[in-house]
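S.K.: Take a look at the letters that make up each chain.
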Amino acid sequence: MAGAQDRFRPMHEAHSIEQVVITVRFDRPLTDEAIRSADETMSSLQDALPRRDSIQGMAFQVGPQGMMPIAPPIIDVPNGIARTRTDNGGALIKDLRIDRQSINFRTFEYTRWEAVWTEAREYFGSLLPRLGETNIAAYALSYVDKFVWTGPRETCRPTSLLKSGSLYVSPASFDADDLWHCHSGRFISANGHTKRLEAVNIDCVDENDITGITPQFVRVVRISTTLTDFLNQQGFSPYDLPVIDAIGYLDDAAQDLHSSLKSMFGAIVNDDTADQVGLNAS
Amino acid sequence: MVLATFQMGQYFQSPSIAAGTCAQLLPISSSNSELGKFDNKLILFTAGVGDEQTAYARETNEQERTIAILRGWKRYPDNWDHEMAKAPNPTSLQSAISFMSSLSNEFMMPEPMLHDSGRAGLFWGEDQLYADLEFLENGSIAYYIERGKDRHKGVVEFDKRNIPPVLKPLLTA
Amino acid sequence: MQSGCSCSEINASTQGQIDRVGLVADAAPDCACESHSLSQYSPGIVQDEETIVRMVCVPMHVDKKKPKLLPNFFSHAFSFGMSAQRLEKAGSTELAKWLNNFLANGGDRVWLGYVQAPCKKIRGILLQDESSRSFCVYDAASDESPAHAEVCASRRLEEADRLEARAHLMKAFSEILPRTSLMGGEVQNIVDSKLLARDVPSQWGSLTSSGVSQTF
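Chains as they are written, first to last, in our numbering: chain D, 8 to 289; chain F, 399 to 571; chain E, 180 to 395.
Extracted from the complex, chain D is given alone in its bound form (with noise of 0.2 Å):
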């Protein structure tokens, strides 16, 4: 039985944000001389972003034989650039990737989104406007939340955490006093032109945590919740987003996002849990 001390506590205690990852999504392969420029582009962020990698793809061919490898063409350019930063212990904070289908930045420094989203904008601002004739075919913003059950991994129970009803738990999950876990996801509509994609993971795992002095294993309940916007789709209005002046569109678009998943994990965890890590605080 749990302890009065047992409960879920967020992963850094005054919130259990683990990453946040915003992507823009294009619809054409970038070129390589987009690659080419992006990469002279994120050079300049050497002070916030030191360490760089090149990102080499590899295409598959999917046909009624299965999966077969395609052998990847000589070139010189690579199929996209990441820059990342970390910390003194090697934990990676944040990351700026760049591909041929997509631009990705994740953080897992979390204060508030205004700050978030400032960031991301600039390396997304200075990006788009080099990376040629392409348009966005779609955007997206996840959250990964992260609670640690704090007694024996024997006690854990869903109720602790997630709000009774949840429209994004599956009922059986409440019952769970083992290992779990409860995906979902369906389309909706945006507006006119956007037809947005949900999905809800909701996974309780059992973790090694390797910051102690010892090893153990610890239960833990991951939430990734995210939501894709897609344009030009069939049954939806058609909407042009040349990456060159999309920077303004994805300022609102980000921020319904964000407070959509807001509601969303309002939706999943209990009016305590959600207290705890300040969600409805003005």
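Treat each hint with caution, since some may be false.
Said to hold, decoys possible - The list that follows gives simulated cross-link-like pairs (lysine-lysine, DSS-like), each with its CA atoms no further than 30 Å apart:
hint	chain 1	residue 1	chain 2	residue 2
1	E	K299	E	K373
2	E	K350	F	K551
3	F	K547	E	K276
4	F	K547	E	K299
5	E	K300	F	K547
Since the hints were derived computationally from the structure, they do not count as laboratory data.
Once you have looked at the hints, place chains F and E on chain D.
M.R.: For chains F and E alone, coordinates are given in the frame of chain D:
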């Protein structure tokens, strides 16, 4: 082209995240023809190459711990100090939390405190800095700061987003 | 005194009110009640030459990482009146009794050490550019604690002035002394051993065992 998701082992996960892995967050849905068709489609799976990093989950920082302490005080009742203290004032506490959230890396981190009036406060007591901030019920901040030989005091408005300009140079490291 | 009441009456009528310091200052400005004893148990009014002691026992009043005080240790000086003891008037038995009562009244309280300041120094605190005193030190004797005193703000202060006055108190009581040094260790020997044995945060270990003092 369709981008495939790459999902790590589900039930036993190390918090270490290989920095070279590029995991797209778009799940494949067979209900959507544009996204779910695989036959003869070219799939591009991207992965980082370069020295593999074993990245451990970052440590919770002092700023986050302090915010958690402040938030925990919301539940204190009247007489929380057994000497007739008033219950923490929600506006004052939230202001202190917002102030903490607004501190960037350039600031030294304070100690949180609660007064018998129910007001929250933040304190810096370092060699060259003495700073006592008290968060008032109307959302403003009373302060007394000694920085080196200089002294500053007053009451300043706080918009809950930005460190008041008068305080910024006094509290940075 | 403005109200025509005696200091004893003022003291009695304002007990337990969070605005007590302000009410007393309104009724008896300029620290008028310093020259009056408040009860039959009083050993006399507090003299400038006396040493005022205050025990450090409340976790909320101390830094979480270092063995240092936080300014809220002095908050009561502006509200209810800040409880203190008169070192020269109190015996070890009285101090130990006071500590036993205080520690028993809060499960999270631990006797971490004490601070002291000359009464003259407290009464001499002035805010910048002011000539009138910031604090009064009253005799606040009771039957249980005849050597009990109170440090109170001399008047209602503006918000920022109050914080400045608090900073002066921090400086006046600047050295945290180990509990083993209070009256040569006599008090510690008398305090209830169960209360004394409560867990001490690690950063306070030196003050509760070996007797090393700590300065701000």
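S.K.: Does each hint fit the structure? Answer for all of them.
M.R.: To see whether the hints hold, each was checked on the structure:
Taking the CA atoms of K299/E and K373/E, the gap is about 36 Å. The hint is violated against a cut of 30 Å. Of the supplied pair hints, the one linking K350/E and K551/F holds, its CA atoms being roughly 17 Å apart against a limit of 30 Å. Using a Cα cut-off of 30 Å, the hinted pair K547/F and K276/E is violated, with the two alpha carbons roughly 43 Å apart. Using a Cα cut-off of 30 Å, the hinted pair K547/F and K299/E holds, with the two alpha carbons roughly 25 Å apart.
For the suggested pair K300/E and K547/F, the alpha carbons sit about 21 Å apart, so the restraint of at most 30 Å is met.
Hint check: violations occur at hints 1 and 3; the rest are consistent with the structure.
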